[in-house]
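2 protein chains.
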Amino acid sequence: MTTEFALIEALRGIARSPGARGLMDDAAVIEIGGEKLVLTLDTLVESVHFLPGDPPASVAWKLVAVNASDISAKGAEPLGCLYSHALGDDEWDSAFLDGLAEACAHFNLPLLGGDTVRMPEGAPRSFSLTALGRTSSAVPSRSGAQPGDRVWVSGTIGDSGLGLAVLTGRAAEAEAGEWLTERYRRPSPDTRLGPALAPWVSAMMDVSDGLLIDGQRMADASAVAISIAADLVPLSAAFRKTAGDDLDARLEAMTAGDDYCLLLAAPPEHTMQIRETAAALDCPVTAIGTVSAGAGLTLFHGDRPISLPERLGYRH
Amino acid sequence: MTTEFALIEALRGIARSPGARGLMDDAAVIEIGGEKLVLTLDTLVESVHFLPGDPPASVAWKLVAVNASDISAKGAEPLGCLYSHALGDDEWDSAFLDGLAEACAHFNLPLLGGDTVRMPEGAPRSFSLTALGRTSSAVPSRSGAQPGDRVWVSGTIGDSGLGLAVLTGRAAEAEAGEWLTERYRRPSPDTRLGPALAPWVSAMMDVSDGLLIDGQRMADASAVAISIAADLVPLSAAFRKTAGDDLDARLEAMTAGDDYCLLLAAPPEHTMQIRETAAALDCPVTAIGTVSAGAGLTLFHGDRPISLPERLGYRH
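Just so you know, the protein sequences line up as chains F and G, in that order. Letter 213 of the first sequence, counting from 1, is numbered 213 in our numbering, and no numbers are missing. Letter 156 of the second sequence, counting from 1, is numbered 156 in our numbering, and no numbers are missing.
The set of hints was computed from the structure by calculation and includes no laboratory data. Hints are not guaranteed to be accurate.
Where chain G lies over chain F, by a calculated footprint (3+ residues, C-beta under 8 Å) [what the hints assert, rightly or not]:
#	region
1	8-15
2	29-35
3	43-57
4	84-91
5	95-108
6	112-118
7	129-138
Note that beta-carbon positions come from the ideal geometry of N, C-alpha and C, so glycine has one too.
Isolated chain F (complex conformation):
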């Protein structure tokens, strides 16, 4: 069992409860008192999910944001969160709490409880957060995409990944560098969008590890083929200015992680409702592909089929 993949396979053997959704989804779903409770738990580890030099308030923000994104992607309204705090030094912890308070308020996820733990000397910081959401409607899964559906993505792709590249020196510092690094450090998904779109979608998930890997996961979970048009993938002005928008830049964007955008599949007859719902919230959505019978992910650039890159996204 040398990879995360193998471990998750083994965990699937344990998590046989229907609420676990075969560990194939962003969140667990259980029914209680006629409502659906949506639950997710994400952990951020220093040097793996954030940089040791990241401002502590941003680390706390990100911890809340990534979980809020999962709740929204399941069409649920936020209920609250619990988290585990690895005690560090005073100043760092205090700044972290400032960011936590700000993020809990911003994402409407009141802090309900958790645990504080002392770590052995020299251990990396790590923080786990469980977020809860509720909905009385059906909870979209990754596995509902149907042949004929249109594939959509919200927001812009690749900004956070490019921000990380700037921070780690893999991309040159640019005029837009600060905006991009903020996208990496303080992702700000609009969590009203998921619940608003949920009635119109066949499948929905958040893009957290990279558009291509998450698109492949949706295709696999839904047992369909998904085709994505690289040239339609939305890029921000800052991304274009810094990295351009040729195919290489687009592949970089589509395989970077930490977007926290929504990826959805919906019947073409819901196109108008999806556009109008997103416009009402001032959240851009873009049609980037199609679902068909078959299996796996394919990529086009204009009319030209493109080989999938070896690495489709971030595995952690």
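Following the hints, position chain G against chain F.
This is chain G only, laid out in the frame that chain F set:
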């Protein structure tokens, strides 16, 4: 902010939602669809909460058990759990999953989801687990103890702490050593007891950090005085055989952690119901003290008042 205490004080300023119970309880409580949802999150860190040499299956067992204990102490029936797994080596992880599957089945806490994370080289293992429970009855808190109440504890106290002392060489290996170390490594609270006792109690919590520190927490949260009779505290035959049962041994037992017994306060007129409820489940309960108007914890041995030891329990 140099201590866990100071951090929790700061967190209380953030966790103002009523469901957080002022971070003074074992668990958070939110209402959904006319039911109460009880939520807890506990983290175990290698070299802090478990020993590097502990069998991985026991670490997983303990992770589930400590959270199941919190759910039971709030009178709730288990619903499920999510956890975060720090990837290690194959063999260790595989054995851990065996223990996890066993514990989830034993404590009736189906695995619903979670996260797997890669850790930087050399980082200690750490695992966070969120458990959920439900009840349609009132959820006992730590803060409901009333003057005139009797104080009870379930099970026996100090076994786990003595087991840890055997493992770390602080106590001599004894005939009962293996039974005691198993109490440390694989705590087995009977989680039927909490929901069964809940209707009869004024306050209830689990004893996780030491009977004295947890008794003091109940006194503080309830704004009452609690008096405990050291000579009435129940000790197992294995404990007595290994450590004796004089006052020193009893103080050792009452300040050790990891008991996962229930501590409750109840009106004296519920004495019969408490005894009968516990007897029906074959779980021993013992009256060990009283609640009165005032503040703080006091200790007696027979008729003799005893000074509280400097360290009342385990803080982590």
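Each hint, compared with the structure:
| no. | hint | verdict |
| --- | --- | --- |
| 1 | 8-15 | holds (count 6) |
| 2 | 29-35 | holds (count 5) |
| 3 | 43-57 | holds (count 6) |
| 4 | 84-91 | holds (count 5) |
| 5 | 95-108 | holds (count 4) |
| 6 | 112-118 | holds (count 7) |
| 7 | 129-138 | holds (count 3) |
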